[in-house]
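K.L.:
Sequential numbering of the sequence shown, starting at 1, is according to the numbering used here.
Any given hint could turn out to be false.
Simulated crosslink set (BS3-like; lysine-lysine; CA at most 27 Å straight-line) [as the list claims (entries may be wrong)]: (1) Lys224 x Lys197; (2) Lys197 x Lys138; (3) Lys197 x Lys182; (4) Lys180 x Lys200; (5) Lys200 x Lys144; (6) Lys224 x Lys200; (7) Lys144 x Lys96; (8) Lys138 x Lys421; (9) Lys96 x Lys182.
Just so you know, these hints were derived from the structure itself, not from any lab.
Quick caveat, the model's predicted, so the values are computed rather than measured.
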Amino acid sequence: MRVFWGAQASRLSQPASRLSQPASRRVPRASLGMNHGSGVFRCPKFAAGRRQRQARRLCSPALAFALLVSSALADWPMHRGGPQLQGIAEMAAPAKAELAWTYHAGKPVKAAAAIAGGRVFFGDDEGVIRALDLATGKEAWTFKTEAGIEATPLVLDGVVFLGSSDANVYALEAATGKLKWKYATGDKVLGGANHAKSPKGDATWLLIGSYDSNLHCVDAATGKAVWTHGTDNYINGTPALLPTGEVMFGGCDSFIHVLKLEDGAEIRQIESEAYIASSVAVRDGLGYVGNYGNLVIAFDPMSGEIRWKYRDRNFPYYSSAAVTADRVIIGSRDKRLHCIDRATGKQVWVFQTRGQVESSPVVCGDAIVVGSEDGRLYCVNLADGQERWAYEIGAAVTASPAVSDGFIVVGAEDGNVYAFKSSSPSSSSSPSKAGEK
Numbered sequence: 001m002r003v004f005w006g007a008q009a010s011r012l013s014q015p016a017s018r019l020s021q022p023a024s025r026r027v028p029r030a031s032l033g034m035n036h037g038s039g040v041f042r043c044p045k046f047a048a049g050r051r052q053r054q055a056r057r058l059c060s061p062a063l064a065f066a067l068l069v070s071s072a073l074a075d076w077p078m079h080r081g082g083p084q085l086q087g088i089a090e091m092a093a094p095a096k097a098e099l100a101w102t103y104h105a106g107k108p109v110k111a112a113a114a115i116a117g118g119r120v121f122f123g124d125d126e127g128v129i130r131a132l133d134l135a136t137g138k139e140a141w142t143f144k145t146e147a148g149i150e151a152t153p154l155v156l157d158g159v160v161f162l163g164s165s166d167a168n169v170y171a172l173e174a175a176t177g178k179l180k181w182k183y184a185t186g187d188k189v190l191g192g193a194n195h196a197k198s199p200k201g202d203a204t205w206l207l208i209g210s211y212d213s214n215l216h217c218v219d220a221a222t223g224k225a226v227w228t229h230g231t232d233n234y235i236n237g238t239p240a241l242l243p244t245g246e247v248m249f250g251g252c253d254s255f256i257h258v259l260k261l262e263d264g265a266e267i268r269q270i271e272s273e274a275y276i277a278s279s280v281a282v283r284d285g286l287g288y289v290g291n292y293g294n295l296v297i298a299f300d301p302m303s304g305e306i307r308w309k310y311r312d313r314n315f316p317y318y319s320s321a322a323v324t325a326d327r328v329i330i331g332s333r334d335k336r337l338h339c340i341d342r343a344t345g346k347q348v349w350v351f352q353t354r355g356q357v358e359s360s361p362v363v364c365g366d367a368i369v370v371g372s373e374d375g376r377l378y379c380v381n382l383a384d385g386q387e388r389w390a391y392e393i394g395a396a397v398t399a400s401p402a403v404s405d406g407f408i409v410v411g412a413e414d415g416n417v418y419a420f421k422s423s424s425p426s427s428s429s430s431p432s433k434a435g436e437k
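Could you put together the complete structure from these sequences and hints?
P.N.:
Rendered as structure tokens:
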């Protein structure tokens, strides 16, 4: 693997002015695959004597990684940054694009990365899951699946959970890449996992969709199925969690599904008029999502009420929305980034790129960072949509940015992962009203 640094890899561009009622069913609580490997990890130093010997016995790679996670600031551990999938970072955008490092994976990187404990985790088109050092881009470990990866990892409690097009969900030790368990679905898994505490509070459950048309609830510790919920078509996005604990996702059956967490029973379906390939964002109990019918929809998931519909031109939305206190920002296949008033559904501004915008935008303070198929990573003002900077990668950027600890990390279809370091923020990390968190 090759790592390129600083000016050797830096290229700055000039600004440029995607019905039937389903049933929920309980499945046997049996393990769907288990394997264990080995790895080497250097433990922290402790005081000499008996306490040192005890510490060495107790210290494990997973524990050491957990200590790193606890000391890290503002991790980006999953798709869109957190369980409500809002796409809001806890840092300001850099004043300019300063490339810190580039990692050459060799195959297209279409999925967003996760960042936790000072490491970057991502998968590529060859089915390889990689862990890199966030500061340097140096490879820590790799793990090979049997098909390409387009899902964003979930990093939780020292474990990386990630689905693959080989129809499996993998649980790997974040410190070493060692396989803990493997869970089989019936078809490829292209969306990232979400997580929730079980209703009794005695377990952590993963929630992940599959092209087998089911939403799977899996015990995070054991890899055993808890329940599955069937729909009439593929599930492509990551399910969201409502503040009241319900699970919500859109599907290629054109419906938004709202489920009970405890058993996967359906509370309601909401018709969206076209199939949904992206993830639903949640803010203040309301949902926001774009579809292939050229609409962005705001809705109340508990009542089923559609609050507003936004239609600009006849191009579909594959990007997932970022949602602030008063704005909804989403990319479109019309080559533009759209900013919508969250209360009214009226257009605030649009930003034109030269390629389709399937990358999902991330709000960084009073700015937005997003990729485009024109080969650029853009930073634009949240208030008015004016460009601040653009970095020319030279290959399509369909992956969404991951933002943590002063870094913006994004993959591209040239087989590289790019990391930009924020040495000087472009503005305050506290958003203006147009981006208030």
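K.L.:
Tell me if the straight-line CA distance from lysine 96 to lysine 182 falls inside 27 Å.
P.N.:
Roughly 42 Å between the alpha carbons, so the hint for lysine 96 and lysine 182 is violated.
K.L.:
Quickly compare the C-alpha distance for lysine 224 and lysine 200 to 27 Å and report which way the hint goes.
P.N.:
holds, 17 Å
K.L.:
For the pair supplied as a hint, lysine 180 and lysine 200, is the alpha-carbon distance within the 27 Å limit?
P.N.:
holds, 24 Å
K.L.:
Lysine 144 and lysine 96 were given as a pair; does the straight-line alpha-carbon distance stay at or below 27 Å?
P.N.:
violated, 35 Å
K.L.:
If you draw a straight line from the CA of lysine 224 to the CA of lysine 197, is it 27 Å or shorter?
P.N.:
The hint holds at about 15 Å.
K.L.:
Going straight from one Cα to the other, do lysine 200 and lysine 144 come out at no more than 27 Å?
P.N.:
violated, 35 Å
K.L.:
With the threshold set at 27 Å, check whether the alpha-carbon distance from lysine 197 to lysine 138 stays at or below it.
P.N.:
violated, 34 Å
K.L.:
For the pair supplied as a hint, lysine 197 and lysine 182, is the alpha-carbon distance within the 27 Å limit?
P.N.:
holds, 20 Å
K.L.:
Holds or violated: are the alpha carbons of lysine 138 and lysine 421 at most 27 Å from each other?
P.N.:
OK: lysine 138 and lysine 421 at ~15 Å, within 27 Å.
Hint compliance for this structure: hints 2, 5, 7, 9 are broken, all remaining hints hold.
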